[in-house]
Structure formats: C-alpha cells, structure tokens
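Per full-length UniProt numbering, the very first residue in the sequence shown carries number 1; after that it's consecutive.
Be aware that one or more of the hints could be misleading.
DSBU-like cross-link-like pairs, simulated, lysine-lysine; straight-line CA separation at most 30 angstroms [to be verified]:
1. 28 x 106
2. 93 x 28
3. 87 x 28
4. 106 x 83
Think of the hints as simulated: they come from the structure by calculation, not from any bench.
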Amino acid sequence: MCGGQALDIDATGQQQTLAALTRMHALKTGALIRAAVRMGALCGQAHEPQLAQLDSFADALGLAFQVRDDILDVEASSEQQGKTAGKDQAQDKSTFPALLGMDGAKAQLQELATRMHSILSGHGEEADALRALATLAVERDH
1 MCGGQALDID
11 ATGQQQTLAA
21 LTRMHALKTG
31 ALIRAAVRMG
41 ALCGQAHEPQ
51 LAQLDSFADA
61 LGLAFQVRDD
71 ILDVEASSEQ
81 QGKTAGKDQA
91 QDKSTFPALL
101 GMDGAKAQLQ
111 ELATRMHSIL
121 SGHGEEADAL
131 RALATLAVER
141 DH
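Taking the hints into account, I'd like the entire structure generated from these sequences.
In structure tokens form, the structure reads like this:
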C-alpha cells in the first residue's frame with residue numbers, strides 16, 4: 001500500500017497512462033482488498049487453485065471499487081458521498097473517467113463486474129458473499 005501511495009503522490013499534477021493508474025490502484029485499494037480476501041481464503045483452508053482464483057477476483061474487486069469511486073467523485077454530490085465531490089479533479093489527479101471518459105470508465109466497470117462473476121461462476125452458494133461484494137463495488141452510490 002505504501003508503494004501505491006508513493007506513486008499516487010508522485011503522479012499528482014501529471015497525466016498518467018491507464019496502465020500506470022491501474023498499477024497504482026492495484027498497489028493501494030487492490031492490495032488491501034486482496035489481503036482481506038486471501039486471509040479469509042487461508043482461514044477457510046483454500047487450496048492453491050482456489051487461492052489463485054480468489055486473488056484474481058480480489059484484483060478485479062479492488063479495481064472495480066476504485067473505478068466506481070472515480071465515477072462517484074464526478075457524478076455524486078458531497079452529501080451523497082460523505083466526502084468532497086470533485087476532489088480528484090481539484091487535486092489534479094488522474095482518474096479513470098479523465099483517461100477513458102465517463103462512458104469508457106463505466107464500460108471498464110462493467111467489464112470488471114463480468115470478470116468477477118465469471119471467476120465465481122464455478123462456485124456454489126459458498127461464493128454468494130463474494131458475489132454480493134462484487135455487486136456492491138459496482139453499484140454502490142457512496
């Protein structure tokens with residue numbers, strides 16, 4: 001997470017590439033979510049193939065959370081978000097909507113939703129909580 005935060009600070013005021021923005025968020029939000037998913041999997045005695053699938057799911061979940069956060073920063077009010085709206089633009093930070101346009105960011109979010117549900121498709125009810133997390137990350141309004 002510290003590496004991602006350092007990249008974030010260094011990138012302020014600079015236009016990032018999509019790959020750089022994705023990497024930065026993978027090291028920040030993504031790392032935190034991946035650790036939480038992996039700890040749960042290890043507590044549940046998941047085996048290596050399951051761990052690899054859950055890592056892929058967590059990576060997509062972390063990125064989806066961030067893409068949605070960037071969209072909300074543009075579309076939602078400060079009241080709705082519980083934080084200052086437009087903060088990323090005011091701080092001259094690269095965001096998914098800034099790089100891809102709002103339609104492109106929303107398409108990226110839907111692609112991540114599809115990826116998460118595809119990863120979980122071979123699992124039964126035991127993955128319902130993860131499916132709910134995926135839906136929440138994509139559809140949340142704050």
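Hint by hint, here is what the structure shows:
{"no.": "1", "hint": "28 x 106", "verdict": "holds (21 angstroms)"}
{"no.": "2", "hint": "93 x 28", "verdict": "holds (15 angstroms)"}
{"no.": "3", "hint": "87 x 28", "verdict": "holds (18 angstroms)"}
{"no.": "4", "hint": "106 x 83", "verdict": "holds (21 angstroms)"}
In the structure shown, no violation is registered for any of the earlier numbered hints.
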